[in-house]
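Top line first, the protein sequences correspond to chains G and U.
Position 77 of the first sequence, counted from 1, bears residue number 77 in my numbering, the numbering being contiguous throughout.
Position in the second sequence (from 1) plus 1000 gives the number in my numbering.
To be clear, the hints were calculated from the coordinates, so they are not data collected in a lab.
Keep in mind that the hints are not guaranteed to be accurate.
[As the list claims (entries may be wrong)] As a list, the in silico EDC-like pairs of lysine to aspartate or glutamate whose alpha-carbon atoms are at most 20 Å apart:
hint : chain 1 : residue 1 : chain 2 : residue 2
1    : G       : K42       : U       : D1024
2    : U       : K1014     : U       : E1083
3    : G       : K68       : G       : D49
4    : U       : K1078     : U       : D1018
5    : G       : K42       : G       : D84
6    : G       : K68       : G       : D31
7    : G       : K94       : U       : E1105
8    : G       : K56       : U       : E1105
9    : G       : K71       : G       : D49
10   : U       : K1078     : U       : E1044
11   : G       : K42       : U       : E1044
12   : G       : K71       : G       : D55
13   : U       : K1011     : U       : D1086
14   : U       : K1014     : U       : D1086
15   : G       : K42       : U       : E1105
16   : G       : K94       : U       : E1044
17   : G       : K94       : G       : D49
18   : G       : K71       : G       : D95
Each chain, written out:
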Amino acid sequence: GESVGLHLPTLSVQEGDNSIINCAYSNSASDYFIWYKQESGKGPQFIIDIRSNMDKRQGQRVTVLLNKTVKHLSLQIAATQPGDSAVYFCAENKDSWGKLQFGAGTQVVVTP
Amino acid sequence: GAGVSQSPRYKVAKRGRDVALRCDSISGHVTLYWYRQTLGQGSEVLTYSQSDAQRDKSGRPSGRFSAERPERSVSTLKIQRTEQGDSAVYLCASILVPTGGLYNEQFFGPGTRLTVL
Chain G
1 GESVGLHLPT LSVQEGDNSI INCAYSNSAS DYFIWYKQES GKGPQFIIDI
51 RSNMDKRQGQ RVTVLLNKTV KHLSLQIAAT QPGDSAVYFC AENKDSWGKL
101 QFGAGTQVVV TP
Chain U
1001 GAGVSQSPRY KVAKRGRDVA LRCDSISGHV TLYWYRQTLG QGSEVLTYSQ
1051 SDAQRDKSGR PSGRFSAERP ERSVSTLKIQ RTEQGDSAVY LCASILVPTG
1101 GLYNEQFFGP GTRLTVL
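One chain only, chain U, in its complex shape:
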């Protein structure tokens, strides 16, 4: 069946530019997460949102990261004023339950590889 998809799969951006990465989650899934995966350093959660929250600004490492939820099963990660250190794979994940994700499997997309020049 259809899983979590992300687009684009590869993105090259000039330093200082804004980028937007898209995630299409599984239909019916409520909570979406964005992670940044860096080779050899693991992954860190950037932001997350539930279906009734269009925007979540709990991003790390700074306020340059935010997520919007234009549709129930769509999330857009926006990175403002990109820096070379933002080069990484950005993973989107979703879960079915609406009240938090403890003990519930997260389904991941294939990721978007961002390169900032």
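Pulled out of the complex, with its shape left as it was, chain G reads as follows:
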């Protein structure tokens, strides 16, 4: 069936380094993707989104890349900080009602 999933369950990054979180999706009809950050005890928090007619979008310290050819999505975090430690989810918008399909998540651990 259609699914959104992540390649790495845990990513350990040294403070100051760049982080790259990957996501594979299988629904070629999806045209909107979102990255969320979830800290312990909190709900998912929007980081950045991208539409399928784009291949790159930049925010503050974050960049999302979309490769529709191989159905791959990635989130790059520049100069990773301790506050970036969290679980990161990619999600695709399932339909016009906005229902989201999330992947399993990647735990990012920032070490000093």
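Starting from the structure of chain G, add chain U where the hints point.
Quick look at chain U alone, frame taken from chain G:
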């Protein structure tokens, strides 16, 4: 400012019992979603409703899940005859626009952790 809140934050239920989880969305937000989040498996949408629909029964995985909208900014997720497999974190999310949520940011609550014994 006030965001989306959920109550209770933790709920323990005996298998077979019904439970009700509450979500208070952001004032003015129209569409509410309920998701079930399972560790290592991601999240799936259970049900959703717009402001003019008090009840939505598009729940998954079965008709045991339903959402009611007693007030414009309040949604109650009801789970009937709970099963151990229902143990998960239940997230509520809302969006501002009334005509679907494509391309619009969803605001999530902190979730309710349900444990079914």
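Structure-based check of each hint:
Among the hinted pairs, K42 of chain G with D1024 of chain U is consistent with the structure: their alpha-carbon atoms are about 15 Å apart, no more than 20 Å. For the given pair, K1014 of chain U sits about 8 Å from E1083 of chain U by alpha-carbon distance, which is consistent with the 20 Å threshold. Proximity of K68 of chain G to D49 of chain G is assessed by CA-CA distance (about 15 Å); at most 20 Å being required, the pair is judged to hold. Restraint check: the Cα-Cα separation between K1078 of chain U and D1018 of chain U comes to about 7 Å, which is no more than 20 Å; the hinted pair holds.
Straight-line distance between C-alpha atoms of K42 of chain G and D84 of chain G comes to about 14 Å, which keeps the hinted pair within the 20 Å bound. Distance hint between K68 of chain G and D31 of chain G is fulfilled; the C-alpha atoms sit about 10 Å from each other, no more than 20 Å. Proposed proximity of K94 of chain G and E1105 of chain U is supported: the alpha carbons are some 14 Å apart, at most 20 Å. Distance hint between K56 of chain G and E1105 of chain U is fulfilled; the C-alpha atoms sit about 19 Å from each other, no more than 20 Å.
At most 20 Å may separate the alpha-carbon atoms for a hinted pair to count; K71 of chain G and D49 of chain G meet this at roughly 15 Å. For a cut-off of 20 Å, the pair hint linking K1078 of chain U to E1044 of chain U stands: about 16 Å separates their Cα positions. As the CA atoms of K42 of chain G and E1044 of chain U are separated by approximately 17 Å, the hinted pair is consistent with the 20 Å bound. Distance restraint check for K71 of chain G and D55 of chain G: the Cα-Cα separation of roughly 11 Å lies within the 20 Å cut-off, and the hinted pair is therefore satisfied.
Between K1011 of chain U and D1086 of chain U the CA atoms are separated by roughly 12 Å; this keeps the pair inside 20 Å, and the hint holds. Between K1014 of chain U and D1086 of chain U the alpha-carbon distance is near 11 Å, which keeps this suggested pair within the 20 Å criterion. About 17 Å separates the Cα atoms of K42 of chain G and E1105 of chain U, which keeps this hinted pair within 20 Å; it holds. Taking the CA atoms of K94 of chain G and E1044 of chain U, the gap is about 11 Å. The hint holds against a cut of 20 Å.
Annotation: proposed proximity of K94 of chain G to D49 of chain G holds, straight-line Cα distance about 14 Å (limit 20 Å). Proposed proximity of K71 of chain G and D95 of chain G is supported: the alpha carbons are some 18 Å apart, at most 20 Å.
Of the numbered hints given earlier, the model fails none.
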